[in-house]
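*Asks:* If you want the building blocks of each chain, they are given just below.
Protein chains: 2
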Amino acid sequence: MVEFLSTSRDDFEARFTALLSAKREESPDVDTAVAGIIADVRARGDAALVDLTNRFDRVSICASDLRVTEAEIDAEIAKVTAQDRAALELAADRIGAYHARQLPEDANWQEATGARLGWRWTPVGAAGLYVPGGLASYPSSVLMNAVPAKVAGVERLAVTVPMPDGIANPLVLLACRIAGVDEVYRIGGAQAIAALAYGTQTIAPVDKVTGPGNAFVAAAKRRVFGRVGIDMIAGPSEILVISDGTADPEWIAIDLLSQAEHDESAQSLLVTTDPAHGQAVAEAVERRLQTLSRRAIATASWRDFGAVITVRDLDEAVALSDRIAPEHLELCVDGAEALAERIRHAGAIFIGAWTPEAIGDYIGGPNHVLPTARSARFSSGLSVLDFVKRTTLAQMTPEALRAIGPAAETLAIAESLEAHGLSVRARLDRLNEGE
Amino acid sequence: MVEFLSTSRDDFEARFTALLSAKREESPDVDTAVAGIIADVRARGDAALVDLTNRFDRVSICASDLRVTEAEIDAEIAKVTAQDRAALELAADRIGAYHARQLPEDANWQEATGARLGWRWTPVGAAGLYVPGGLASYPSSVLMNAVPAKVAGVERLAVTVPMPDGIANPLVLLACRIAGVDEVYRIGGAQAIAALAYGTQTIAPVDKVTGPGNAFVAAAKRRVFGRVGIDMIAGPSEILVISDGTADPEWIAIDLLSQAEHDESAQSLLVTTDPAHGQAVAEAVERRLQTLSRRAIATASWRDFGAVITVRDLDEAVALSDRIAPEHLELCVDGAEALAERIRHAGAIFIGAWTPEAIGDYIGGPNHVLPTARSARFSSGLSVLDFVKRTTLAQMTPEALRAIGPAAETLAIAESLEAHGLSVRARLDRLNEGE
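Protein chains in written order, with this note's numbering: chain A, 1 to 435; chain B, 436 to 870.
Calculated from the structure, these hints are not laboratory results.
If you're wondering where the values come from, they're calculated on a predicted model, not measured in any experiment.
Just to be clear, a hint being listed does not mean it is correct.
Said to hold, decoys possible - Taking lysine to any residue and the SDA-like style, the derived pairs with C-alpha atoms no more than 25 Å apart in a straight line are: (1) B:LYS458 <-> B:ALA474; (2) B:LYS458 <-> A:GLY125; (3) B:LYS458 <-> A:GLY199; (4) A:LYS23 <-> A:SER265; (5) B:LYS458 <-> A:LYS23.
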């Protein structure tokens with residue numbers, strides 16, 4: 001049975017804190033193994049990739065097989081139905097339209113001193129996208145990573161996707177094609193991250209690596225951070241539904257299960273002002289669990305990490321939500337739009353009962369790569385900003401330097417950085433000579 | 436003697452590649468020690484901070500001394516001269532004005548389907564700023580980290596600054612006061628990062644940690660990344676000057692030394708179209724090195740990592756600059772503004788010979804926390820964006836769901852995520868019932 005909490009009970013704070021700090025994911029200590037894999041790929045390049053891929057993915061490839069050829073991609077995507085293709089294309093269009101609005105603007109202005117200041121945004125040159133293999137190999141994730149990169153203007157986009165037992169996912173390859181991915185490699189794990197970051201004979205290094213993965217992939221991303229940019233270390237998925245009881249309990253039950261079915265470590269929470277509604281949702285979840293195809297996963301997630309939390313009013317709901325800082329937040333209440341304004345920490349908000357979270361996973365337009373594990377307190381979902389960077393610009397005039405140079409010299413001297421001060425002083429002296 | 440390279444010589448590519456890949460910083464393997472320190476602070480809190488601080492900083496404090504009191508700050512900043520204070524205040528004003536323009540805008544729009552989409556930016560709740568102690572304890576760095584946080588709307592800003600032998604830096608404390616820092620703690624090293632990330636009895640945890648530090652601090656930031664946000668792992672400073680020989684060689688020599696004096700691992704490079712000018716700059720550097728107060732540091736940096744590179748034309752200069760992706764780029768050429776437009780990868784550009792890089796370190800307005808070690812290929816200097824995060828918004832209507840819901844259901848089924856599909860289907864069925 002799922003856990004029931006109520007802010008009216010004395011044990012609430014202790015139980016809520018326990019819920020928040022529940023360790024949902026075992027992080028096996030794979031760091032030593034990952035360090036070895038990265039060193040191997042740096043030392044031996046393609047040969048290491050081939051050895052590791054043959055071992056982990058139970059295949060027998062050579063270096064010339066590392067890259068998936070266009071002919072192979074053509075053959076795989078021919079298997080995709082017209083309906084699936086149309087859905088992927090609609091998703092790509094809508095994600096593209098949403099993200100196009102995120103392109104940041106350059107700035108350039110002149111001050112009263114005559115100085116010009118500003119900044120300019122430019123795309124990252126090359127990005128590498130990690131796509132998991134097997135069960136969690138999702139075409140939607142390809143779009144969510146690749147489309148923002150292309151919108152940003154990234155010139156080269158390389159995808160790595162392991163193909164265990166040699167089996168490709170046609171939809172993943174179609175998503176690569178639709179999104180304009182330039183290169184696809186049949187590798188995975190820490191070795192794929194190492195290849196993207198450092199390059200091999202076959203794979204040119206990239207500047208930025210994004211995409212979800214298992215503990216090996218996460219550890220490898222943490223290690224190559226600095227050599228390349230990375231997006232985030234993603235944890236298991238989460239949803240928080242705030243409900244005032246006005247929406248159908250069946251809808252909310254399914255929405256909770258749409259996170260729970262992802263992963264045994266996923267977390268689905270309901271916060272409601274209506275205890276009877278909370279009970280009805282919990283009962284609906286139990287019924288749905290009987291028939292759900294992924295019921296083993298969803299049952300474990302709901303049992304171990306799910307909860308129904310009763311609150312006195314929506315003010316309490318907002319406060320709890322900000323403490324949870326959920327990846328996904330559904331507001332199934334009257335006046336959902338106004339309530340959304342009051343939320344401070346959330347990856348994505350789904351406003352009103354007609355907006356199931358799954359819309360955001362596929363087709364709404366916003367990105368589905370979102371901060372997990374309370375990291376919405378300090379980070380954002382993937383966006384075009386992850387694939388651009390800013391160069392700041394400053395242009396002094398003699399007059400501007402005369403106005404602000406002396407203060408720079410003062411601070412340089414105060415910091416005992418003599419040459420810093422001299423670099424300003426030499427120019428100020430020239431100005432004084434000219435007078 | 437400094438190294439001279441020329442793109443006209445056969446050995447250029449080999450020597451340039453060696454220059455680019457020179458390992459400028461020893462990274463001692465402190466990770467095991469840092470893991471132990473973090474575990475100790477998590478387990479023992481203030482007691483661990485007190486023990487570690489007393490040991491490393493040669494002091495004898497207790498837990499109630501960890502926070503620097505307002506009275507202590509008052510007493511220290513009373514020592515600052517009026518000239519230094521005025522310079523710091525001008526710098527804070529100018530940095531604030533520049534960064535205020537970086538505040539990102541919310542967006543919200545309605546589609547033809549009736550769906551509303553958008554996003555909203557909110558500030559991080561609490562930020563922790565690491566300030567090094569001793570020689571590299573710079574008030575300008577306090578401003579460069581704290582001012583953007585305050586502009587972003589961060590409500591609580593905590594600074595940690597070690598005070599070896601109990602000695603405070605009055606200018607650092609004044610910079611904290613001017614920038615509106617809320618709390619100052621006399622701790623440093625990995626233990627300070629651990630305290631900011633996890634909290635202790637005295638120090639409430641923060642959401643984001645920024646600021647430069649030594650290898651211990653860098654390793655600790657890498658470890659707490661995910662628990663909190665971090666800015667970047669900063670490496671030694673760099674400058675690239677592109678010169679066509681029109682600027683005074685003395686000015687360029689001093690500008691090169693203003694990076695070299697930071698650190699023996701700093702790198703100062705000149706790329707010039709004029710070999711005689713390159714020679715003149717190198718000679719001016721040698722002369723200046725005779726008298727510079729930090730000549731030991733600057734000489735080592737210039738000798739080990741400096742270079743004068745002669746190119747055939749400015750096209751070559753631009754191409755080399757983008758391969759270097761310098762932290763600081765000075766353009767001392769005729770038509771510097773037009774040349775700046777052609778640069779793709781640089782942390783900050785200083786346009787024209789009247790703009791010494793030191794202006795940017797203190798008072799220009801742009802941030803001086805900038806990507807080093809070629810990371811301008813994929814990352815940006817510190818900004819207001821580091822202290823805000825974005826929540827995406829989606830609000831469907833029944834009509835919008837009718838338009839795009841079926842494609843979401845199709846993709847959910849294709850990904851074998853049944854509940855995802857059902858969450859859309861349940862609503863579509865309701866719509867169909869209503870017809």
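*Asks:* For every hint, state whether the structure bears it out.
*Replies:* Do the hints match the structure? See the list:
1. For a cut-off of 25 Å, the pair hint linking B:LYS458 to B:ALA474 is broken: about 31 Å separates their Cα positions.
2. Using a Cα cut-off of 25 Å, the hinted pair B:LYS458 and A:GLY125 holds, with the two alpha carbons roughly 23 Å apart.
3. Note on B:LYS458 and A:GLY199: the hinted pairing holds, with a Cα-Cα distance of about 18 Å set against a maximum of 25 Å.
4. With a C-alpha separation of about 9 Å, the suggested pairing of A:LYS23 with A:SER265 holds against the 25 Å cut-off.
5. Taken as a hint, the B:LYS458 and A:LYS23 pair is broken in the structure, with Cα atoms around 39 Å apart against an allowance of 25 Å.
Violated hints for the displayed structure, listed by number in ascending order: 1 and 5.
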